[in-house]
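Residues per chain, in single letters:
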Amino acid sequence: MQKERLAFLRIGALFSGGKDSVYAMNLLNLSGNEIACLISLIPESADSMLFHVPFTEQIDTLAEAFGLPLVKVTAAQDELFSLKRALKKAIEKHSINAVCTGAIASDYQRMRISMVAEELGLRVFSPLWHKSQEKILLEETGFMNFILVTATSEGISRAVLGKSFQPDDAGKIIQQKVLSNKAFEGGEAESLALDSPMHKKKIQLTDTLSRSDSEFEHYLSGKAILVDKK
Amino acid sequence: MILKNCRFVITQDSSRKILENVDLHIEDGKIKSISKPGKKKPGDYIDCSDKIILPGLTNAHTHIAMTLFRGFEDGLELNDWLGKINPIEEKLTPKLISLSAELGIMEMLSKGVASFVDMCYPFKETYLVSGKYGIRSVLGPGFSDKSFKEAITFAKSLLKLKSAFFRPSLSHQSIYTCSEKTLLMARDFARKHNIKLNIHAAETRKEVLECYKKNRMFVIEYLDSLGLLDNSILAHCGWITKGEARIIAEKSAVVVHNPVSNMKLATGAFFPYTELSLQNVPIALGTDSAASNNSLGMFDEMKAMCLLNKNNSWDASLAKAQDALDSATIHGASATGFANGSIELGKEADLAAISAKSLELMPLRKDSLLGNLVYSFNSYVDFTMIAGKIVFDKAMLPEWLKRADKISRELNQFIEKNR
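Same order as they appear, the protein sequences are chains A and B. 53 is the number that our numbering gives to position 37 of the first sequence; each next residue is one higher, with no gaps. 433 is the number that our numbering gives to position 165 of the second sequence; each next residue is one higher, with no gaps.
If you're looking for bench data, these hints aren't it; they were derived computationally from the structure. Any given hint could turn out to be false.
In silico SDA-like cross-links for lysine to any residue, where the CA-CA straight-line distance does not exceed 20 angstroms [to be verified]: (1) B:K474 - A:M127; (2) A:K147 - B:G511; (3) A:K179 - A:D94; (4) B:K481 - A:M127; (5) B:K510 - A:M127; (6) B:K482 - A:D94; (7) B:K300 - B:I314; (8) A:K100 - B:I314; (9) B:K481 - A:K147; (10) B:K474 - A:L96; (11) A:K151 - B:D583; (12) B:K474 - A:R128; (13) B:K474 - A:A175; (14) A:K100 - B:L586; (15) A:K147 - B:S581; (16) A:K147 - B:F538; (17) A:K151 - B:N579; (18) B:K285 - B:G311; (19) B:K474 - B:L452; (20) B:K578 - A:I241; (21) B:K578 - A:E150; (22) B:K578 - A:Q93; (23) A:K218 - A:L242; (24) B:K414 - B:F457; (25) B:K510 - A:S148.
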């Protein structure tokens, strides 16, 4: 084999702090790849179609938990332009040659990220793409510790908000016929990953506050702090 | 002719029946009847007591005249690869094209392929060689602005033949190889004469990006906006969305999956197997050219289709052996329009026969038959029959290998001189 031709992947992981982006980069890490940096886009609007919103104001703390450099860009109205800016920055600062995404079923996400990556000559890895959402939710539950921080759909009880998500909770979600996206890919709930094999420190949420705007709209806020892993 | 006492007949009928120990009666090139074994009478019959009979396979997307480029390059991505091949391709003579097509057709017939859909350039040679060997083909002159008239003339001449062995189509390499005006003329011609458009669609991420930048639409959306999807054959489709899968279904287009070629050229594609299946889009199967595969055998392709889609989705229940066989037979027939792809009364007697005593198929039972064929079989078939006529028999192999060797020498001389 011509070893000189082998180029190691240096991956920039699109990172929101939610369960899917964290699970995806853990999977690539487990496949022997190097995660060179985290890349976060902080949406200006809470209605972002492309990027995760909750807890992004604390993204520096969430990223610090991994001990990885963070490339942070505010996502302006033109989200694609912002994404391109963030990826360019990651190429310049951390010499990435590939991107990892936690996309599962959103063509909107996949195609747009792919087109920007094509322009920049980056490969895209989406290890969760087209996997069964039930399976993903169950595997994530077993693989890492995460909580739900928003629940905005019928079928997700307020009681599950803020508690460490367990296989039983996943089982109940999977039974819910009203939920078409069992891993919440459609924004039915948003999550926060507290611990995974790639976390150097665990995240703990303090000063939590919850609020309900209606029967099916529940939100949790709080302060993320880092604690040592034992 | 009677195929006597067939050990297994994989009918691929609507209930996917597998029959055991039956006689297949063939008359005037068609399946006349299927019956319990009768007494042997003098006449034209073949003892099939140790044979598996299945419908002749369809290679629904290939470029047969590129067979001379088999093994030409390894390790290049699509555009770099084309950059190496295209300049040499331009130097090909009609004779070399003819030899190249002959090599490919011999290989396909020896592996049970009865029909193929070709995206071809100088098309006359492939037509002549197909005729010589008795294989069915959908020949799609690849057209550009410059060659459109010539392609139309060829298509018209095939239409005039009203042959059961040839169908014309119009092929375009990609949405950028000709102007919208030419594409629309091709559409109108195809509609008028009820022939298929054979299109390379959404093969690469680059193509998607370029299309989106220019038209603010993805590739399938763009083709649909021009009315090019109706009744078309869409090859590759590695980069399409759920919405595009719905459009394909609405327009009754057939998609051709090319798993090996896409993987070899590292297009990064994610074939939307589930979306297309949920929309009941026929998914046919193609090898693409020997240059990017490197085989033209459909058993390898069926296996790759199953493995790739199972692994991509982390779902072993997806793309089973039966699905792959459907792709290589009945869905292939949806692409070509030939009345083959299943063994039913009145259908064309296009069949492949495989020895039930093949080592790689054992232990063989009815319940393991499809799995063993798709995941394990990769040898020559015992015979391939088209329209009731045996066009390849294993006994012909020494003679065919001699001919193939002669062709290879000639093709290699050209490659060595021009690479």
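Now the hints, each set against the structure:
With a C-alpha separation of about 11 angstroms, the suggested pairing of B:K474 with A:M127 holds against the 20 angstroms cut-off. Distance check on the hinted pair: A:K147 and B:G511 sit about 18 angstroms apart at the alpha-carbon level, within 20 angstroms; holds. At most 20 angstroms may separate the alpha-carbon atoms for a hinted pair to count; A:K179 and A:D94 exceed this at roughly 35 angstroms. Under the criterion of a C-alpha separation no larger than 20 angstroms, the hint pairing B:K481 with A:M127 is consistent with the structure, at around 13 angstroms.
Between B:K510 and A:M127, the direct Cα distance comes to roughly 11 angstroms. Compliance with the 20 angstroms bound is thereby established for this hinted pair. Distance check on the hinted pair: B:K482 and A:D94 sit about 18 angstroms apart at the alpha-carbon level, within 20 angstroms; holds. With a C-alpha separation of about 16 angstroms, the suggested pairing of B:K300 with B:I314 holds against the 20 angstroms cut-off. At most 20 angstroms may separate the alpha-carbon atoms for a hinted pair to count; A:K100 and B:I314 exceed this at roughly 66 angstroms.
With a C-alpha separation of about 29 angstroms, the suggested pair B:K481 and A:K147 falls outside the 20 angstroms cut-off, and the hint is violated. Proximity of B:K474 to A:L96 is assessed by CA-CA distance (about 17 angstroms); at most 20 angstroms being required, the pair is judged to hold. Simply put, A:K151 and B:D583 have alpha-carbon atoms about 10 angstroms apart, close enough for the 20 angstroms limit, and the pair holds. Taken as a hint, the B:K474 and A:R128 pair is honoured in the structure, with Cα atoms around 12 angstroms apart against an allowance of 20 angstroms.
For a cut-off of 20 angstroms, the pair hint linking B:K474 to A:A175 is broken: about 46 angstroms separates their Cα positions. Proposed proximity of A:K100 and B:L586 is contradicted: the alpha carbons are some 35 angstroms apart, above 20 angstroms. Between A:K147 and B:S581 the alpha-carbon distance is near 5 angstroms, which keeps this suggested pair within the 20 angstroms criterion. The suggested pairing of A:K147 with B:F538 holds, with an alpha-carbon distance near 12 angstroms, which does not exceed 20 angstroms.
As the CA atoms of A:K151 and B:N579 are separated by approximately 14 angstroms, the hinted pair is consistent with the 20 angstroms bound. Restraint check for B:K285 and B:G311: not satisfied, since their Cα atoms lie roughly 28 angstroms apart, outside the 20 angstroms limit. Taking the CA atoms of B:K474 and B:L452, the gap is near 23 angstroms; set against the 20 angstroms cutoff, the hint is violated. In summary, the hint linking B:K578 to A:I241 is not supported, as the alpha carbons are separated by about 41 angstroms, beyond the 20 angstroms threshold.
The straight-line distance between the Cα atoms of B:K578 and A:E150 is roughly 16 angstroms, inside the 20 angstroms bound, and the hint therefore holds. A threshold of 20 angstroms between alpha carbons decides the hint, and for B:K578 with A:Q93 the separation of about 38 angstroms lies outside it, so the pair is violated. Of the pairs offered as hints, the one joining A:K218 and A:L242 holds, with about 6 angstroms between alpha carbons and a cut-off of 20 angstroms not exceeded. A C-alpha spacing of about 16 angstroms is found between B:K414 and B:F457, which places the hinted pair at or below 20 angstroms, so the restraint holds.
The suggested pairing of B:K510 with A:S148 holds, with an alpha-carbon distance near 15 angstroms, which does not exceed 20 angstroms.
Checked against the numbered hints above, the structure violates hints 3, 8, 9, 13, 14, 18, 19, 20 and 22; every other hint is satisfied.
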